[in-house]
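Chains as they are written, first to last, in the numbering used here: chain A, 3 to 248; chain B, 8 to 136; chain C, 227 to 457.
Hint data in this document are derived by calculation from the structure and do not stem from the laboratory. Be a bit skeptical, because a hint or two may be false.
To list a few chain A residues with every Cβ distance to chain C over 10 Å, as calculated [said to hold, decoys possible]:
{"hint": "1", "residue": "Gly42"}
{"hint": "2", "residue": "Leu85"}
{"hint": "3", "residue": "Ala88"}
{"hint": "4", "residue": "Val91"}
{"hint": "5", "residue": "Ile189"}
{"hint": "6", "residue": "Thr207"}
Derived DSSO-like pairs: lysine-lysine, alpha-carbon spacing no greater than 27 Å straight-line [as the list claims (entries may be wrong)]:
{"hint": "7", "chain 1": "B", "residue 1": "Lys27", "chain 2": "C", "residue 2": "Lys445"}
{"hint": "8", "chain 1": "C", "residue 1": "Lys445", "chain 2": "A", "residue 2": "Lys13"}
{"hint": "9", "chain 1": "A", "residue 1": "Lys13", "chain 2": "C", "residue 2": "Lys233"}
{"hint": "10", "chain 1": "C", "residue 1": "Lys315", "chain 2": "A", "residue 2": "Lys6"}
{"hint": "11", "chain 1": "A", "residue 1": "Lys13", "chain 2": "C", "residue 2": "Lys429"}
{"hint": "12", "chain 1": "C", "residue 1": "Lys372", "chain 2": "A", "residue 2": "Lys6"}
{"hint": "13", "chain 1": "C", "residue 1": "Lys434", "chain 2": "C", "residue 2": "Lys233"}
{"hint": "14", "chain 1": "C", "residue 1": "Lys372", "chain 2": "C", "residue 2": "Lys445"}
{"hint": "15", "chain 1": "C", "residue 1": "Lys429", "chain 2": "A", "residue 2": "Lys6"}
{"hint": "16", "chain 1": "C", "residue 1": "Lys445", "chain 2": "A", "residue 2": "Lys6"}
Some chain C residues well away from chain A (every beta-carbon gap over 10 Å; in silico) [said to hold, decoys possible]:
{"hint": "17", "residue": "Asn276"}
{"hint": "18", "residue": "Leu278"}
{"hint": "19", "residue": "Gln280"}
{"hint": "20", "residue": "Ala296"}
{"hint": "21", "residue": "Ala299"}
{"hint": "22", "residue": "Val301"}
{"hint": "23", "residue": "Ser308"}
{"hint": "24", "residue": "Ile412"}
{"hint": "25", "residue": "Asp414"}
Even glycine gets a Cβ: it sits at the ideal position worked out from N, Cα and C.
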Amino acid sequence: MLGKLIRYDFKAVQRLLFPVYGAMIVLSVVIGLTSRSDSGSGYTVFQISMMLFMMIVLAAILLTIYLLVERFYHNLLGNEGYLMFALPVSTSEHIIAKILTALIWMAMGCLAVLVCGIIMGLFSMTWEDLMNMFRSIGSLFTQYQFSGDTFTQLMEMLLIAALTAVSVVVKVYASISIGHLWSSHRILGSVFAYVGFTIAALLVTTQIAEVMKMQSMWSIIAYLAVWIAVYGLITWYILDRRLNLE
Amino acid sequence: MRWEFESSRPIYLQIVTFLKESIASGVYPPGSRMPTVRDLALEAGVNPNTMQRAFAEMERDGLLHTERTTGRNVTEDTAVLEDLRRSLAQESVDEMLRRLGKLGMSSGEIVKMVAARAEEDAGRGEKIE
Amino acid sequence: MSILECKDLTKRYGSVTALDQMNLTLESGKIVGLLGPNGSGKTTLIKIANRLLQPTSGELLIAGSRPNEATKAIVSYLPDRSYLPEWMKVTELLEFYQDFYSDFDCAKAQELLKTLQIPDGMAMKKLSKGTKDKVQLILTMSRRAKVYLLDEPIAGVDPAARDYILRTIVSNYSEDALVLISTHLIADVESVLDEAVFLRQGKVILHKPIDTIREETGKSVDAYFREVFAC
C-alpha cells in the first residue's frame, strides 16, 4: 500500500514540478552554450538566460516548499481526506508516504540543480578548470575530523542531509496537524506551532550541545532521529485520534 | 420508470394489488414465468425485499408458485384465477357502491344507471371498458 | 452477529453532544434510511463508522470490530461532498480504486460510467457537479462491499438524476450487504427502503420497517416524519 500511496502522490505533483525542472535544464544548456560567446547578441542571451535561470531555481525551491505543505494539507485534511482516510491503509502509512514523496522531490530538485551545474560547467570550463575544481573539493574533506575515507564521509553527510530534510518535513506536518485541532484560524495555528517547535528545538539543542559535544556523526544522527520521532508521533496522534474533517 | 404508489398504504400490498390486476387482465398469462424479484423491483423502483414480500403473499394466496428450478410461475389453476377475477371485480363494485352511496344514491338508482350505460355501449357495439 | 451495531455511542464536540448514548442494530441485506433533521447526528454517525471520528464514549462495531483498516476494506462510503481529486481523470480514478480496494468491480464501474459519456481524457474538474456526483456514486457502488454508507446521496440533485441514483442503488442490492442512506429527503427514497431509523438530537427515536410504519400510522413515512419532527 505504501508504494501505491507514493505513486499517486507523485502523479499529483509531477505535472507541476517536471516542467519546472525541465525548463531549468534547458536553460542551463542555453547558458552553457552562450557563456563563452564573444558576440554582443550572444552575450545578451547569456545574461537573460542567467537571470531566468536564477528565477527558475528560486521558483523551483518555493514551489517544492509550497507543494510540501499543500499536498499534506489538501490531500489529507481537505475534502480529499474523505477519500484518503476511507482507504484500508493505516495512518502511519499515509504519513510515511507523504514524507518519502517529499524526500524524493527534494532529492530530484537537488539532482536537477546538480545536472544544471554540470551542464553549465561542461560547456564553459576548460579541462584545467575542471581538474582544479576537483582538487579543491578533495581538500575540503581532509579538513574534517570524522573518518578518513572520503566515500564514507560523503555517505554520512548525505544521511545527515536526508535526515535533516526529513525532520523539516515532519516538523511542517506536525505543525499543520496541530493547526488542524482548531476549527478556525487553522493556518495561524500551524504557523504558531512551527515557530513553537523551532524555539523548543533551539532551547533543547543549546542544553544538549554542552552535554553531548556533537562530535561524533552518530550523535547528530541520533539527535535528528529523536526529533523526527517526536514530530512523527505528534502528527500520527492527531491524524489518528483527533481527525475532524470539515 | 417507476410505478406509482400511494403513500399511506404499505408498498408491498399495493404491489400485490397491481400484480393481481396484471394476472387477471392477462399481462401475466396463466402458467407464464414471472420476472425475477430483482428485475421487477428495479422496474417498479422499489426495494427487492419489498417485492419479495409481495411475491410471498401472492404465493400464499396460490396465485404464484415456485417451480423447482425455473423460478416463479403464474398458476394455471382456473378455479383460483376465476376466483381472483371475481374478487377484483367485487372490490371495484364495492368501491363504486361506497362512493355513490356517499352521494346519497339508492341501490335502485345505481342499478338503473349501470344498465342504461350498458345498453348505450351495446347499442354502439362497444364492450364495457 | 449484526453487521453494524452502536452501543451507547456518544460523541461530543466541546459543549455540543452530537450523539447521545445511541443504540442501534442493523442487519445485512437491508436498505435502511437514516432519517433526521440537519444536526441530528446522521453525518457524525457515518463518520465514526468510517473512523473519520473517534467516539467520546461507547462504541460502534462493524462486523464485530471497532472501525479499523480491516473494516475500511468492507465499508464503501459516499460522503456528501466532492471528494475526488480534481486533477484525476476517470481512467485514473478507476485505477486508483482498483489499486486500493480488492472488492472493486472495475468492469461494472466502466459499464455504468459509459452511460455518462465522459470523454476519456477529461479531468474531474472539467465535469459538471451533477456528473461528478454520479461518478462518485458509481465508484462507491461498484465495490462489492458489506456495508454501503451513503451520506445524502440525492440532496442537491435534479429529479431525473435522483431516479438514476436510486436505481443504481437498488440494482446493486446484495443480500450480503447493508445499505445505509442518510437523508432528509424522505419522500424520494421511501419506496426503496426496508427500514427507517429516526434520529433526533443524537438519539434513535424509532427503528421500524417502512411497511410497518405505514400500517400502524396509515401515513407515508415522509408524512409521519413531518408529524414527529414538527417544529
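Hint by hint, here is what the structure shows:
no., hint, verdict
1, Gly42, "holds (45 Å)"
2, Leu85, "violated (5 Å)"
3, Ala88, "violated (5 Å)"
4, Val91, "violated (7 Å)"
5, Ile189, "holds (21 Å)"
6, Thr207, "holds (35 Å)"
7, Lys27/B x Lys445/C, "holds (23 Å)"
8, Lys445/C x Lys13/A, "violated (54 Å)"
9, Lys13/A x Lys233/C, "violated (42 Å)"
10, Lys315/C x Lys6/A, "holds (17 Å)"
11, Lys13/A x Lys429/C, "violated (44 Å)"
12, Lys372/C x Lys6/A, "holds (24 Å)"
13, Lys434/C x Lys233/C, "holds (18 Å)"
14, Lys372/C x Lys445/C, "violated (32 Å)"
15, Lys429/C x Lys6/A, "violated (40 Å)"
16, Lys445/C x Lys6/A, "violated (52 Å)"
17, Asn276, "violated (6 Å)"
18, Leu278, "violated (6 Å)"
19, Gln280, "violated (6 Å)"
20, Ala296, "violated (7 Å)"
21, Ala299, "violated (4 Å)"
22, Val301, "violated (8 Å)"
23, Ser308, "violated (6 Å)"
24, Ile412, "holds (24 Å)"
25, Asp414, "holds (24 Å)"
In terms of the numbered hints stated before, the structure departs from hints 2, 3, 4, 8, 9, 11, 14, 15, 16, 17, 18, 19, 20, 21, 22, 23, listed from lowest to highest.
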